[in-house]
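Participant: Sequence:
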Amino acid sequence: MWAWSEEAPPDADLPFLAAAGDAPALLGWRGRWPGPAGSVQYDGVQVVFHHDDVELDPRRRTPTHTVFLHVHRDCPPERVRELAALAGCAPLGEARIGW
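Here this note's numbering is used: the first residue of the sequence shown is 3, the next is one more, and so on.
Just so you know, not all the hints are guaranteed correct.
As the list claims (entries may be wrong) - Restraint ranges, calculated between C-beta atoms of paired labels, are given here:
hint	residue 1	residue 2	range
1	Arg83	Asp55	19 to 25 Å
2	Gly90	Asp13	18 to 24 Å
3	Asp59	Pro36	32 to 38 Å
Just so you know, the hints here were simulated from the structure itself, not pulled from any lab data. All C-beta atoms, glycine included, are put in the ideal place defined by N, C-alpha and C.
Based on the provided sequences and hints, a complete structural model is requested.
Facilitator: Structure follows, in structure tokens:
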């Protein structure tokens, strides 16, 4: 199950999560990070429920949820850390290829 919206209403995740239950699911929002490293084509946030990869494999589930920040491949690592810090988070691993 997945959902995608350029401008989701604030409570869009509630019925989605109820429908997903404990199955792997994702919500994604595209946008552009502020600053010179921002890219309309590549920037965004992806929240993956009951999975730990940007590509959902419905045959595999995890008990955890993962948040991915999407940036252009030329975005400096310190900028990625800065963006994650805005949400009170920090990168957990190496960069991955995403959407």
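Participant: Take the hints in turn and mark each one as holding or not.
Facilitator: To see whether the hints hold, each was checked on the structure:
no.	hint	in the structure
1	Arg83 with Asp55: 19 to 25 Å	holds, 21 Å
2	Gly90 with Asp13: 18 to 24 Å	holds, 21 Å
3	Asp59 with Pro36: 32 to 38 Å	holds, 33 Å
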